[in-house]
Amino acid sequence: MIADQLPALQIVIPMLAAPLCVLVKRSNACWAIALVANVLVVINAFALLHQVRTDGVIRYALGGWAAPTGIEYYVDTMNAIMLLLVSFISCVTLVFAYTSVKKTVVTGKHYLFYAAWMLCLTGLLGISITGDAFNVFVFLEISSLATYMLLAFGSDRRALTASFRYLIMGSVGASFILIGIGFLYAATGALNMVDLAQRIPDAESQRAVLVAFSFLTIGLMIKAAVFPLHGWLANAYQHAPIAVTAFLAGTATKVSLYVLLRFFFSIFGPNYSFGAMLLNVVLLPAAIVGFLLLSLVAIFQTDLRRMLAYSSVAQIGYIVAAFCLATQSGLTAGIVHIINHGIIKTALFMSVGCIIYRVGHAHIGSLDNLMKKMPLTVTAFIISGLGLIGVPLTVGFISKFSLIGASLERGWWMVGALVLVSSLFAIVYVGRVVEIMVFRSSRTDTPEPTGMREAPMSMLVPMYVLIGISLWFGISGSTTLSVASEAAAALLGGYQ
Amino acid sequence: MQVLGLYNYWVVIILMMAGLYILIARYNLIKKMIGLGVFQTSIFYLYITMGKVQGGTAPILADGIEQYSNPLPHVLILTAIVVGVATTAVALALIVRIYEEFDTIEEDEIKAIESAEQDS
Amino acid sequence: MKLYRRQRHRVLQIVTKLIIPFVLLFALYVQFHGDYGPGGGFQAGVIFASAFVLHGLIFGLQRTRQVITPSMLRVLMALGVLIYLGTGIVSMLLGGNLLDYDFLAHDPKHGQHWGIFAVELGVGVTVTAVMISLFYSFASKR
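Protein sequences appear in the order of chains D, F and U. According to this note's numbering, the first sequence is numbered sequentially starting from 65. According to this note's numbering, the second sequence is numbered sequentially starting from 7. According to this note's numbering, the third sequence is numbered sequentially starting from 22.
Since the hints were derived computationally from the structure, they do not count as laboratory data. Quantities reported herein were computed from a predicted structural model and do not represent experimental measurements. Keep in mind that the hints are not guaranteed to be accurate.
What the hints assert, rightly or not - Derived DSSO-like pairs (lysine-lysine); straight-line CA-CA distance at most 30 Å:
#1 117(F) <-> 162(U)
#2 173(D) <-> 162(U)
#3 436(D) <-> 166(D)
#4 162(U) <-> 166(D)
#5 437(D) <-> 167(D)
#6 117(F) <-> 37(F)
#7 89(D) <-> 167(D)
#8 89(D) <-> 173(D)
#9 162(U) <-> 89(D)
#10 166(D) <-> 89(D)
#11 436(D) <-> 167(D)
#12 162(U) <-> 37(F)
#13 162(U) <-> 167(D)
#14 173(D) <-> 117(F)
#15 166(D) <-> 437(D)
#16 167(D) <-> 117(F)
#17 38(U) <-> 162(U)
Unchecked claim - To give an idea of the interface, some chain F residues facing chain D are shown, with a C-beta separation under 7 Å as derived from the structure:
#18 46
#19 49
#20 52
#21 53
#22 56
#23 82
#24 89
#25 92
#26 96
#27 100
#28 103
#29 104
#30 116
#31 120
Said to hold, decoys possible - Partial list, derived from the structure: chain D residues whose beta carbon lies under 8 Å from chain U:
#32 72
#33 80
#34 127
#35 128
Where is the CB? At the ideal position from N, CA and C, for every residue including glycine.
With the sequences and hints as input, model every part of the structure.
Written out as structure tokens, the structure reads:
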């Protein structure tokens, strides 16, 4: 019986944890509730992925109302991957958050922090699981509102303005998505994604569908921080509590990218998106300029978090470029990079979190000789930094290799070449930090800060769990690649 | 005449553009929120207009009535209105906090304070 | 001075005292009528909260806070969501899908009735609590 209810439990468990946190109010108890819920959600997502891979697509009718009338949860391999990625990263960062939240968030507000975290998780999981276009908007707003709140918990007052700017951009983006869904409904009379996919070929010639497509594209590009619309991201990532940054960097933009995939491939279909609408003429240059320019911008940052934030936008550029290939191997590369980048970027932000926890700031210039004081943290930073560059035996290599392979296969060798160029920039911006942390000896005039030692275990363990996974995926790339290619096949095949 | 017959949509477009303009052009954070509110309201109108059936009444079953308006857009927009209220509340709470911290809600002044902070 | 201030709004205070019960009653009507007529938790919650907002405006925030304390609001807020989710979970335990009201009673029609009733109650409680706490948090700022 419980096997049938897995899709609902995926949402209900974190949603239940949020009001429980508000009721209980004691900081440690809230953390425990959130963690238990999160672990359950991870197990649930594992079970779902397994179920989908063995038995095929799961459709779950909420309230017992069958698909076109009611809202349904639709799980195929793609959704299951996203569910697992989001819940796992949330789980690991939640463990990580325990110590850093104690230090940065005002004591009386911890319960609100964890409740908002759970709501954000609910929203992100909901976006990933739902098979109803309007439901996507609702869950998007749940996760966004919780995100604004989480961002504003930052200890710096600039966190407030960063959060407000994200709120404005995010609301405009979500409103655009709402308009797009409205026009789609007007043109086809359907909100269910499977239904929409069936009806759009007949309505394709209508101008309303075209308008809907444009609005959805722009709205989702804002939410996913694709290059020209990434303005909100750097400030938000820099000033948020570091655990939140680690959580969001691995999940929020990735989930928006998933929605982008869902709309372009499953609902509109690749022929419409990339054939009739010439999406790759618009998106591919944006993606390429994005990953080149922002890798370059990342080199000149003085704050470690900001550098990683710009690098995130660049990585999103890779993913979008991979989508634009619109082939089986291109999509596989994109999906693999969603997973891999989620893992390494979270690990990187965690190592920055460890640094901030001990040093108190993340100015790159004054992190000299950190290797001596915090060897484990710096090692973690180096390993995941190598992953970001794409050195063999790391996850980054797998995704870049498959991306370049896919672009050569499509005959767009320029894309592959430019990816390599931007990897060179990545070597520079990661290398610069590593050089300072490992090789530059302390300036003698600055007094040695007392009490400088390794970060606490509760922060190191989750970080190394992620790094272990990233190494495992890097060495045996076939695990992720096979799952991702299944997901790509599901997306390209459309709804059955 | 068809253009005039679509006057609902003209209202939607005018409100939408007005909202977006306020959102982009005003520096005062409260005014920005008003712009966002107008913008979101225009979307509500869009949905409601979509759901209207010429000659249809409210979708409550009664004798002698054959034609009903489509209730689904109303339900959707009820959700969107609630979301809008929540967004406004969060934004206003943020503005209050920003005012407490920066002593101003003019975005250009806040930017000046922030960039001064960045340099030091 | 204090006496003067209290007497200044005498008319408003008395009218408010007269109105508040009717506002609450109307809110309850909208709430419990919501399962088979226009109405429901959102509207009822806002109307219910408006009675307290009116009380707060006329008698001052201090006295409203004695009627409904902020910690009570916190509990109510969570409770509403729990009622909503609880209904869903009960329907799951009884063998249906999430929020499938058919399983809540012996016959599906009654089940739907009970289900929508409980869900709307949850929505109403949460909306009331959220609206009042929004009023508290903004009104208490200087």
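**Asked** Hey, does the residue 116(F) contact hint survive, CB to chain D under 7 Å?
**Response** Holds, about 6 Å.
For the pair supplied as a hint, residue 436(D) and residue 167(D), confirm whether the alpha-carbon distance does not exceed 30 Å.
holds, 24 Å
| Is the straight-line distance between the alpha-carbon of residue 436(D) and that of residue 166(D) 30 Å or less? | Between residue 436(D) and residue 166(D) the Cα gap is close to 26 Å, so the pair holds against 30 Å.
Query raised in the report: Taking the closest Cβ pair, is residue 89(F) under 7 Å from chain D?
Result: holds, 5 Å
Hint check: residue 117(F) vs residue 162(U), CA-CA at most 30 Å. Holds or violated? At roughly 24 Å apart (the allowed maximum being 30 Å), residue 162(U) and residue 117(F) satisfy the hint.
Against chain U, with CB atoms and a cut of 8 Å, does the hint on residue 72(D) hold up? holds, 4 Å
Using 7 Å as the Cβ threshold, decide whether residue 53(F) counts as touching chain D. holds, 5 Å
Hint check, residue 120(F) versus chain D [nearest Cβ-Cβ separation less than 7 Å]
holds, 6 Å
Exercise. When the nearest CB of chain D is found for residue 56(F), is that gap smaller than 7 Å?
Worked result: holds, 5 Å
Would the hint linking residue 167(D) and residue 117(F) be met if the CA-CA limit is 30 Å? holds, 28 Å
Q) Was the hint right that residue 103(F) lines chain D, CB cutoff 7 Å? A) Holds: closest Cβ of chain D sits about 5 Å from residue 103(F), inside 7 Å.
- Query: Holds or violated: are the alpha carbons of residue 166(D) and residue 89(D) at most 30 Å from each other?
  - Reply: holds, 14 Å
Consistency with the previously given hints is maintained throughout, with no hint failing.
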